[in-house]
Every structure is written in C-alpha cells, then in structure tokens.
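Okay, here's what each chain looks like letter by letter:
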Amino acid sequence: MFEINNLLDFFNPMKYFSQAEYTSTWDMLFKTVLYGFWARFLASVSLFGALWFGVYRRRLLLGVILFVISVTIAYLGGIIRMIFL
Amino acid sequence: MPAERSSSKGDIFLGPTAYPGTPKGLLDAISEIQQYYVVERSGSTISDDFLTFKGKLSFFEVGFKVSAVSTLISILLTPVAIGVVQRYIPIFGSYQPSLFDKVFAMVLALSFSSGYGLLMTVLGKYYIGSISKAAIRNLLGGLIVGSVFKVAIAFILFHFIYFVVLEPVRLSGLLLKLRPALKPEIANSIYFWLIDFKPIFLTSAYFIAFSAFIMVAIPIGTILIVSRRTKRIIDHEQTWS
Numbered sequence: 230m231f232e233i234n235n236l237l238d239f240f241n242p243m244k245y246f247s248q249a250e251y252t253s254t255w256d257m258l259f260k261t262v263l264y265g266f267w268a269r270f271l272a273s274v275s276l277f278g279a280l281w282f283g284v285y286r287r288r289l290l291l292g293v294i295l296f297v298i299s300v301t302i303a304y305l306g307g308i309i310r311m312i313f314l
Numbered sequence: 003m004p005a006e007r008s009s010s011k012g013d014i015f016l017g018p019t020a021y022p023g024t025p026k027g028l029l030d031a032i033s034e035i036q037q038y039y040v041v042e043r044s045g046s047t048i049s050d051d052f053l054t055f056k057g058k059l060s061f062f063e064v065g066f067k068v069s070a071v072s073t074l075i076s077i078l079l080t081p082v083a084i085g086v087v088q089r090y091i092p093i094f095g096s097y098q099p100s101l102f103d104k105v106f107a108m109v110l111a112l113s114f115s116s117g118y119g120l121l122m123t124v125l126g127k128y129y130i131g132s133i134s135k136a137a138i139r140n141l142l143g144g145l146i147v148g149s150v151f152k153v154a155i156a157f158i159l160f161h162f163i164y165f166v167v168l169e170p171v172r173l174s175g176l177l178l179k180l181r182p183a184l185k186p187e188i189a190n191s192i193y194f195w196l197i198d199f200k201p202i203f204l205t206s207a208y209f210i211a212f213s214a215f216i217m218v219a220i221p222i223g224t225i226l227i228v229s230r231r232t233k234r235i236i237d238h239e240q241t242w243s
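Top to bottom, those sequences are chains A and B.
First residue of the first sequence: 230, per our numbering; consecutive thereafter.
First residue of the second sequence: 3, per our numbering; consecutive thereafter.
Worth flagging that the hints you see were computed from the coordinates, not collected in a lab.
Note that the coordinates shown come from a computational prediction; the quantities given were computed from them, not determined experimentally.
Quick reminder that beta carbons are idealized off the backbone N, C-alpha and C, glycines included.
Hints should not be assumed to be uniformly reliable.
As the list claims (entries may be wrong) - Sample of chain B residues facing chain A (criterion: CB under 7 Å; computed from the structure):
| id | residue |
| --- | --- |
| 1 | 93 |
| 2 | 120 |
| 3 | 136 |
Claimed, not checked - Listed below are several chain B residues computed to face chain A (Cβ distance under 8 Å; list not exhaustive):
| id | residue |
| --- | --- |
| 4 | 29 |
| 5 | 82 |
| 6 | 87 |
| 7 | 90 |
| 8 | 94 |
| 9 | 101 |
| 10 | 102 |
| 11 | 105 |
| 12 | 112 |
| 13 | 117 |
| 14 | 151 |
Said to hold, decoys possible - Here are some chain B residues the structure puts well away from chain A; computed CB gaps all over 10 Å:
| id | residue |
| --- | --- |
| 15 | 43 |
| 16 | 55 |
| 17 | 63 |
| 18 | 153 |
| 19 | 185 |
| 20 | 193 |
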C-alpha cells in the first residue's frame with residue numbers, strides 16, 4: 230500500500246547520510262565554491278563571461294547574470310564567515 | 003461577393019508599431035543607429051527632421067538610464083572593493099587578500115561601468131551621416147549628464163555618510179538605540195569597525211569620479227578614432243568609384 234511517509238522518507242537526506250557527513254558535505258561544497266582556488270577560478274570565469282556575453286555578444290541579460298554570480302562568489306564567503314563564525 | 007471576400011482576406015492589419023527613433027534600451031538604440039547608418043551609407047539622404055525631438059530625447063534617456071544603472075552598482079561595489087584592498091572586508095572568505103584578490107576586487111567594481119563603455123564603442127563605426135551623428139550625440143549626451151549626476155550623488159552620499167552618519171557621537175547614539183538587540187561587545191566592535199572604515203567612503207567618492215570618467219572616455223575616444231577611419235575609407239571609396 231502506498232504510504233506518503235515512505236515517499237517523504239525517500240527525499241530525507243538523513244536516510245542516506247549521518248548528520249556529521251551531511252554537514253561536512255555542505256561545508257565542503259561551500260568551501261570549494263566560495264573559498265580558495267576554485268572560488269577565484271569560478272569568479273574570474275564568470276566575470277570574463279559577463280564581459281564576453283554582455284559586451285562582445287551583446288546579450289545583456291546573460292552578462293548581468295554572470296556579473297551577479299561573480300560578485301556572489303567573491304563576497305558571499307566573507308559574509309557567511311562574518312555571520313556564522 | 004468575391005471581390006469583397008478577397009479584399010477582406012488579403013488585408014494586412016498593422017498592429018501598434020514602435021514609434022521610429024524611440025529606443026527603449028541600449029541595444030535598441032544601437033540597432034536603431036545601425037539602421038540609420040545603413041541607409042545613410044547607401045547614399046540615401048534622410049531629412050534632419052526624421053529624428054524628431056521625441057526621438058532625440060529618447061536616445062538621451064537611454065544614455066541617462068545606462069548611467070543610472072551603473073551608479074547603483076558603483077555605489078554598492080566601490081566601498082566594498084576599496085574595503086577589500088584595505089583589509090576591512092573579506093574576499094573569497096579571506097581578510098588577507100593576495101595581489102590577485104585586490105586586482106579582482108577593483109576590476110569587479112570597474113567592470114560594470116567599463117563594460118557599458120566598451121559596449122558603446124561599437125558606435126564609432128556608425129558616426130557618419132547627420133542622423134546617425136545626432137542619435138549618437140544624444141546617446142552620449144545622456145551618458146555624460148548621467149555620469150555627472152552619478153558623481154554628484156556619490157559625492158553627496160559618501161560625504162554625508164562620512165560627516166553626518168558616522169560622526170562618532172551620532173554613531174554611538176545610533177548603536178545605543180540598537181542596544182536591546184545587540185550585545186555590548188558586538189556594538190563596540192561594530193562602532194570601531196565603522197570608525198576605521200569611514201575614510202573609505204571618501205576614497206570611494208573620488209574612485210567613482212574616476213570610473214565615471216572611464217565610462218565616458220572609452221566610447222567618446224573610440225568613436226572619435228573609429229569614425230575618422232571610417233570617413234577615410236568612405237573618401238577612398240568615393241575617389242575610386
């Protein structure tokens with residue numbers, strides 16, 4: 230018999246990970262995207278993409294979106310560190 | 003009646019079309035100028051009245067809007083970028099920025115203004131006929147007036163923050179009002195951080211003046227250089243045809 234609780238259990242990450250594993254996965258993801266080499270690389274690529282699409286290809290919306298991504302990657306890590314640490 | 007039927011079937015109904023010479027955004031304005039250029043380059047003469055007063059004003063408006071958008075970005079990002087260089091604000095989660103981080107923060111603060119400036123350099127090629135010139139002049143006019151406003155707003159805002167908002171007595175009064183929500187040690191650290199940070203607002207005001215100059219100088223300089231080259235090519239073509 231179909232039970233909605235089983236379906237919801239399927240989406241519960243704690244069924245597959247322990248609390249510590251789950252927290253460390255998110256921590257690692259944030260550290261990778263917002264700090265260190267990969268943050269610098271992704272922010273630089275986004276900024277380059279913003280200028281490339283916005284100026285050269287004249288796709289302003291895409292340029293603005295990439296610019297916002299670049300700003301977010303550059304400063305969000307610092308904001309998170311300020312708030313939570 | 004066959005004739006009536008065929009005429010009613012063959013009718014083409016024109017919906018509301020955009021008024022010629024009234025661009026809504028920068029890309030519309032560039033496209034419109036491109037069209038003027040194509041017509042004028044082919045040798046056709048367009049009456050100077052083709053670009054109506056409303057049309058000229060709308061090109062001016064587009065230039066002004068471009069400047070207004072970059073004002074917002076500059077006012078938000080410039081103090082942050084200078085704060086990164088002076089080690090008050092973290093970038094990539096670090097308060098110890100490398101040379102790359104400092105350069106990146108400054109480029110990020112300048113990129114929006116210079117990006118728009120670079121986008122407008124394409125107009126140099128089209129600065130030929132009287133209508134194209136009038137449209138470009140109005141667009142640049144809006145950009146220049148907008149940039150002057152941008153510098154004025156940044157100067158007034160940042161000097162107001164420096165001299166009025168962050169004046170030590172007033173700032174401590176403001177923080178005391180927030181005392182129920184803030185622990186004394188947090189209020190203390192916010193106070194000292196803001197007092198240390200406040201000279202950055204003055205530096206930012208002058209840096210925004212510099213970025214506004216770049217935003218205007220890039221398209222004007224390029225338009226002057228490229229239009230001369232295009233004129234030489236056209237003169238060369240006319241000599242040999």
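Hint check results:
Using the Cβ-Cβ criterion of 7 Å, the hint placing residue 93 of chain B at the interface with chain A is satisfied: the shortest such distance is roughly 5 Å. Because the beta carbon of residue 120 of chain B sits about 5 Å from the nearest beta carbon in chain A, less than 7 Å, this interface hint is met. Because the closest C-beta pair between residue 136 of chain B and chain A is about 23 Å apart, greater than 7 Å, the hint is violated. At a threshold of 8 Å, the smallest CB-CB gap from residue 29 of chain B to chain A is about 6 Å, leaving the interface hint in force.
Evaluation of the residue 82 of chain B hint against chain A yields a held restraint, the C-beta minimum of about 7 Å falling below 8 Å. A least Cβ separation of about 13 Å between residue 87 of chain B and chain A goes past the 8 Å threshold, and the interface hint is therefore violated. Contact between residue 90 of chain B and chain A, as hinted, is not supported at the beta carbon level, the nearest pair being about 11 Å apart and thus beyond 8 Å. The closest approach between the C-beta of residue 94 of chain B and any C-beta of chain A is roughly 5 Å, which is under the 8 Å cut-off, so the hint is satisfied.
With its C-beta approaching chain A no nearer than about 12 Å, residue 101 of chain B sits outside the 8 Å limit, and its interface hint is violated. For residue 102 of chain B, the shortest C-beta to C-beta distance to chain A is roughly 7 Å, which falls under 8 Å, so the interface hint holds. Hint on residue 105 of chain B is violated. Least Cβ distance to chain A is approximately 10 Å, over the 8 Å limit. The restraint placing residue 112 of chain B at the interface with chain A is violated, with a minimum CB-CB distance near 11 Å, outside the 8 Å limit.
Restraint check, residue 117 of chain B versus chain A: the minimum CB separation of about 5 Å is within 8 Å; hint holds. Because the smallest distance between the Cβ of residue 151 of chain B and any Cβ of chain A comes to about 21 Å, over 8 Å, the interface hint for this residue is violated. For residue 43 of chain B, the condition that its CB be more than 10 Å from all CB atoms of chain A holds, with the nearest at approximately 21 Å. The Cβ of residue 55 of chain B sits about 27 Å from the closest Cβ of chain A, beyond the 10 Å cut-off, so the non-interface label holds.
At roughly 17 Å from the closest C-beta of chain A, the C-beta of residue 63 of chain B stays outside 10 Å, upholding its exclusion from the interface. Taking the minimum C-beta to C-beta distance to chain A, about 22 Å, the non-interface status of residue 153 of chain B holds against the 10 Å cut. The claim that residue 185 of chain B lies off the interface holds: its Cβ sits roughly 15 Å from the closest Cβ of chain A, which is beyond the 10 Å cut-off. With 10 Å as the threshold on Cβ separation, the claim that residue 193 of chain B sits away from chain A holds: the shortest Cβ distance comes to roughly 16 Å.
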